[in-house]
Amino acid sequence: MGIYLLFPICSVAKPVPFDMLINSREMAGELTEVYIKNLYGVQQANEKPYNIKERNDSWEIEGTPSSSSTKGGNFVIVLSKIDGAVLFISHGK
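Per my numbering, residue 202 is the first one in the sequence shown, and the count goes up by one each step.
No wet-lab data here; the hints were simulated from the structure.
Backbone N, C-alpha and C fix where the C-beta goes; we use that ideal spot for every residue, glycine too.
In silico SDA-like cross-links for lysine to any residue, where the CA-CA straight-line distance does not exceed 20 Å: (1) Lys238 with Gly274; (2) Lys249 with Ser225; (3) Lys254 with Asp284; (4) Lys254 with Thr265; (5) Lys254 with Met228; (6) Lys238 with Val279; (7) Lys238 with Ser281; (8) Lys282 with Tyr236; (9) Lys254 with Asn275; (10) Lys249 with Glu234; (11) Lys294 with Glu234; (12) Lys282 with Glu234; (13) Lys294 with Gly242; (14) Lys254 with Val235.
Here are the simulated distance ranges between beta carbons: (15) Lys249 with Ser281: 20 to 30 Å; (16) Met221 with Ser267: 29 to 39 Å; (17) Asp220 with Ser267: 33 to 43 Å; (18) Met221 with Pro250: 20 to 30 Å; (19) Lys294 with Asp220: 34 to 44 Å; (20) Met221 with Val277: 19 to 29 Å; (21) Val287 with Pro250: 15 to 25 Å; (22) Phe289 with Glu231: 16 to 26 Å; (23) Phe289 with Gly242: 18 to 28 Å; (24) Val243 with Asp220: 29 to 39 Å; (25) Asp220 with Asn247: 26 to 36 Å; (26) Gln244 with Asp220: 32 to 42 Å; (27) Gly293 with Asp220: 30 to 40 Å.
Using the sequences plus the hints, can you model the full thing?
If you want it as structure tokens, here you go:
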């Protein structure tokens, strides 16, 4: 019977350099949908089309309420371009 030494094969993970993780309108819109569904529900996440404005280091996204909405109001969310963090979020009534 022989002795076997097993060494795990692994690589050292290095951070991938990036300036802006959320670097497109499409990505900002998709992330917005995830956040809004989680916080306010599917109906509010469907306030489309989203009005997406690019700022220096952030995205400002505003929902478009449907004409049949009786509650009124729409959401506004500001996301960091750097890491996707929510910098501001609100839903009007």
